[in-house]
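Protein chains: 4
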Amino acid sequence: MNRKLRMAMIGGGKDAFIGAVHRLAMNMDGQAELVAGALSVNPEVAVESGKLLFLDESRIYTDYKVLLEKEAAMPADKRIDFVSIVTPNFVHFDPAMMALEKGFNVVIEKPITFTLEEAKQIKAKLDETGLTLLLCHTYTGYPMVKQAKQLLKSGALGKVRKVYVEYPQGWLSTLLEAAGNAQASWRTDPKKSGKAGAMGDIGTHAFNLAEYVTGLEVTHLCSNTNIVVEGRMLDDDGAAFLKFNNGATGVLMATQIAAGEENNVKIRVYGEKGGIEWKQEDANTLLVKWLDKPAEIYRTGGGYNSSFAAHNTRVPAGHPEGYLEAFGNLYRNFVLTVRAKINGEQPKEEWLDFPSVNEGVRGMAFVNNVIESGQSDVKWKEFVV
Amino acid sequence: MNRKLRMAMIGGGKDAFIGAVHRLAMNMDGQAELVAGALSVNPEVAVESGKLLFLDESRIYTDYKVLLEKEAAMPADKRIDFVSIVTPNFVHFDPAMMALEKGFNVVIEKPITFTLEEAKQIKAKLDETGLTLLLCHTYTGYPMVKQAKQLLKSGALGKVRKVYVEYPQGWLSTLLEAAGNAQASWRTDPKKSGKAGAMGDIGTHAFNLAEYVTGLEVTHLCSNTNIVVEGRMLDDDGAAFLKFNNGATGVLMATQIAAGEENNVKIRVYGEKGGIEWKQEDANTLLVKWLDKPAEIYRTGGGYNSSFAAHNTRVPAGHPEGYLEAFGNLYRNFVLTVRAKINGEQPKEEWLDFPSVNEGVRGMAFVNNVIESGQSDVKWKEFVV
Amino acid sequence: MNRKLRMAMIGGGKDAFIGAVHRLAMNMDGQAELVAGALSVNPEVAVESGKLLFLDESRIYTDYKVLLEKEAAMPADKRIDFVSIVTPNFVHFDPAMMALEKGFNVVIEKPITFTLEEAKQIKAKLDETGLTLLLCHTYTGYPMVKQAKQLLKSGALGKVRKVYVEYPQGWLSTLLEAAGNAQASWRTDPKKSGKAGAMGDIGTHAFNLAEYVTGLEVTHLCSNTNIVVEGRMLDDDGAAFLKFNNGATGVLMATQIAAGEENNVKIRVYGEKGGIEWKQEDANTLLVKWLDKPAEIYRTGGGYNSSFAAHNTRVPAGHPEGYLEAFGNLYRNFVLTVRAKINGEQPKEEWLDFPSVNEGVRGMAFVNNVIESGQSDVKWKEFVV
Amino acid sequence: MNRKLRMAMIGGGKDAFIGAVHRLAMNMDGQAELVAGALSVNPEVAVESGKLLFLDESRIYTDYKVLLEKEAAMPADKRIDFVSIVTPNFVHFDPAMMALEKGFNVVIEKPITFTLEEAKQIKAKLDETGLTLLLCHTYTGYPMVKQAKQLLKSGALGKVRKVYVEYPQGWLSTLLEAAGNAQASWRTDPKKSGKAGAMGDIGTHAFNLAEYVTGLEVTHLCSNTNIVVEGRMLDDDGAAFLKFNNGATGVLMATQIAAGEENNVKIRVYGEKGGIEWKQEDANTLLVKWLDKPAEIYRTGGGYNSSFAAHNTRVPAGHPEGYLEAFGNLYRNFVLTVRAKINGEQPKEEWLDFPSVNEGVRGMAFVNNVIESGQSDVKWKEFVV
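Residue numbers (the UniProt record's numbering), protein chains in the order written: chain P, 1 to 385; chain U, 1 to 385; chain F, 1 to 385; chain A, 1 to 385.
In isolation and in its complexed conformation, chain P is listed as follows (with noise of 0.2 Å):
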């Protein structure tokens, strides 16, 4: 099989953030392309926005349930080969699993669902059918932050002893629910949301990212989660306190009311001999510092980096590659992946690392026991999954 992957989309009409972003990141490479769409639950909407990415208007729906009924009808040679679910959380369930009941594929937004029991649902799925879903954890996609997990790993920097991630935003620091803001209403609503607000939509983010980055898994946490902006339902701040199964420990921060930030997630991970510091807002450098010798600034594109950086590559260094090739590079490797599945390849190592249901089931389990943590007068919480 020698031809682009085919996509349908689920949510992500005109307007809406997350899924221009998906086009984007899946359009990039050409590697696959947009051929269906269910793109709003207002059917107005749905059509509008199918004709405004060029979509055969027999393919344009307005119901994800007949989307994915007649996508699966048709020939081998039409039919979609996977679907990318871009709904607010209480919307990721229902349609992931009628999917891969179908048969397709699934790229699916985090927190991958709304409760862990659901999530845990989706891996015995995926397990039964032998399918692949990518769950979109962006940030893990950078090429430098492919770079620092790879030294971990290598024991340059001896064992791992302390881990700070962080995730500032701002852009909740006032009531912008009440003021009609679309994104906001849906986070910060637990009907919409579940049981988490900033935790669930960025604290997911850095705890991933420190899980992926170290290859370690929390073990314990106690976390302070607030609600900060008078009048809203759910947290829009909070940190905790992590214990890692190797014995390191680690801070985790995460905040919307941090007025004047944009979408800073940083990390910083030490060792025994030294540590690394990463952040979006100079997201092609790494840099690695030394106990006892100059810190080294390691840059995507740098000839010196590791095939799973190099692979997640596109231009020379010194051209800046940012977040959209960072969730470009999600949808290379699932698309690759994929592909070499139905091929029957093995896909390469570099290809298969991207997030899946194992990252999604811990996710929820975060956002489960961030949330008990935060409403509990006992330190240590143990991370039950």
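Hints listed in this document are in silico derivations from the structure and should not be mistaken for laboratory results.
Be aware that a few hints might be false.
[As the list claims (entries may be wrong)] If you anchor each label on the Cβ, the simulated ranges turn out as follows:
#, chain 1, residue 1, chain 2, residue 2, range
1, F, GLU69, P, TRP380, 52 to 58 Å
2, P, GLY155, F, GLN121, 50 to 56 Å
3, A, LYS14, U, VAL384, 53 to 59 Å
4, F, ASN245, P, GLY155, 45 to 51 Å
From the three backbone atoms N, C-alpha and C, an ideal C-beta is built for every residue, glycine too.
Given chain P's structure and the hints, the job is docking chains U, F and A onto it.
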């Protein structure tokens, strides 16, 4: 007309650098699609490259002339709308002229042609046909470069007095062209690259950036051009003093032998009341400095930005947009303009803000003037177009 | 009275770190002079150190008690005005109390004493005598830290909601104290350093900085303190959640095992309308971020700064002032205050802005509370003074 | 001889900028003391300034000639060891020559004299007397500038090929001299400042920095000098191409009309294998870039630094040292050298590493050459000393 525009590519086979960049940039926004290609002068490479890009085999050509002939002969609902020319400099003019003669719009790499005279012929042909040409001075596609231009244009910083523009690279610090590096080989070969090396390859970018951001034109220059690496045939380093048509002066520096530098093009412009600073390494930041108050940090995605910056921004502030997005902006504006013209609509002012043949003519004049000045004992040379 | 004030130093012999810093800071502005010293408990070192400092041999002492006795017995036009105590923590209280009893003003290193009770006794003695004490929380001496405090105080950023303060060091990443490092030896020894290691040494700085900049007081904390390096007796790493008396929360991080980190103390404070960010590595810059407009870069020496920042600035903007200048500001303000009081004049508000015994008492309380919380299973602990 | 050296100051009364800087720098290390002064040509200011500095009234002079006469007549155990001349340029030569004739060592501000001829006379007088002179090119006192010099000297970066040195300031963006600004008034007055404005004031610093760091000498230059602000009498902006005696080329930029710039002197030097970058704004960092491996961040206080950097460092890594410490390094090295010479000892190599009369002569030659070239129509001018 409501569909993706159809593009053919000339040059840009597998392993070529800039062809892949063009495809990524073009794909990104889903506004156009690659449907045909004459991707290499080597027929085998042309075919293999076409297959890797999933082209229909009937539209994989091995000769650009055949491509242009055959595509021109296709029905309107199938034939290409524009051609993207990503060959070395000495193969720009012929395919561009032929494409225009066949009625196709053109995207072309810089420098636009091999000689100034050719550039003027292309300008004449565009005037004659009313077709649209995009010249890929990528750096003008960055949102913060557009913001800089608008700020200066607004007069907030007063009359421009001083311009510093620099483009330091290090990749030609050794005689790479003797070591079989394909990129280095043609770029340092006067038969393929033209009369300038570094000044043509990157000096033209710096020159264009200076004129674009300030809205001024260079009237005189005084240059020092050097061949630093022994055995090289064209300048690999140089600098120029500049005089602008409003009386301002400037310094332009371009080098490819600054060992350890990547691609950190940077511009600073000072007016009577303050100055701006932008560098590609931190592309989403525009520093605005003031004589008597704190400097300001403008950021891609900021709500305070001009419509020109906003139009060229895809994701919220804090999600870095990079080189490929800047390149994508050129393509998107070109495609939006071409589609509007096809539809008989007036393109928006923001869409029309992309480099075209006038910039190409001035770029070729820069090459002539800077090289001539470099060889002269007289200090100042009038900038002759 | 119009002369340099006369200082004696207790501790700070050759090869001691902080004593030399104190002398540099005191010398800088020519407002005081070192005239006497009991520079080491080792008589030979005391004498040799005194000679290296060009002290009059009659005023090189080998016992601080003798120093204080003899200086107190000198005529007013010769005897010292103040004593600077730069010994390890466990030798702070006795010389400080004796100096106060003899009528000398006191400069003292932090933490002010070995126990909270001692700190309170010093406070009582100061109240009784009307003498002046400087506690060397150096970071509050930086002009941009003062500017941050004034900006927050002005209300421009709205009510404070969130505080992040961190102090990462890496120098205790190995068991230096077992390798004969003098600095490490006493700082990690509970008999000399007190009940806290990192939290006492640098956590107190972070705590003080947070309270100073915000003008708030911590009311509760929840800490995680760790001994990371095997064989160590005191915490070398830790973090704490903070609650402030206006309802704001915070996170404090202090570690000495972040391999590769130098001394990059950093604070971020977010109010309803914006935030500030300051870090010692870039000490002359204060970032002021806004919810809805470009961030601003305040700089040491800027004409727009408050009188508090201006008073603590020596050179025009762009000439970096560093750690020694910040330290010098403490000394200068202390000396200006002491001289004013001697002359019966009212010290200016800007002079009085230096850390003293109240900060010392709260610092010792921080040590107690953070260590106790670290050992507790209960999450929040009231901050008891 | 084991005592502080005794200094007199000529110029530098209250409100003068650079005199205060000299005193701070001299005081800092406790190696010298100010004992006498002729601090202003205005007798009242001279007396008042002397009192503010706590000088003995018998040594507050109102005429530098009287100062030199009287101090020379004092007994050896009382009279000054050196004089520090901080007057405007046109009052450098006479007091310097007289001081040397009286047997005093000399510290002098740059540019060393009003004319090149005078500089040569001072050189002859120094040769004749064996006395020591410090010329205050402050930037060469920074530890990381010294480290840069040593790295280049070691050959690790290969032969030097390209030098970029820049000194952008903005403070003369308006006609300050017409607004009563004292600093601006003499610096823009050809009768007081000499034949150059910006090129003399800061261009000389940039020139000195380039020659110091590379260890090379300029042999030719081509300059563009401008008067940007209407009504000004001397250049306030300029740039020069440079040729060095090893074949390398360079670009020097110095301006005082870059509105919004503070004092961010910066140098980049590229050799065959890599390059260095240092800028005053981040003075404790030296970037070392490599053709084929990650760039390195050298930091003040790093254990890996050369003995020259280490000797000029006062506090551990991470405690920023600034402009005053760099200035203090000049004074400390000068004083250590003078004391060693008085004691008949050989000064250490690291002590002797301070700018003196040779740098003064070359600086004056730079002024002559850069101004002459600026007025010439011929491109290259030989650098004549």
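Results for each hint:
no. : hint                               : result
1   : F:GLU69 with P:TRP380: 52 to 58 Å  : holds (54 Å)
2   : P:GLY155 with F:GLN121: 50 to 56 Å : holds (52 Å)
3   : A:LYS14 with U:VAL384: 53 to 59 Å  : holds (57 Å)
4   : F:ASN245 with P:GLY155: 45 to 51 Å : holds (46 Å)
When held up to the earlier numbered hints, the structure conflicts with none and fits them all.
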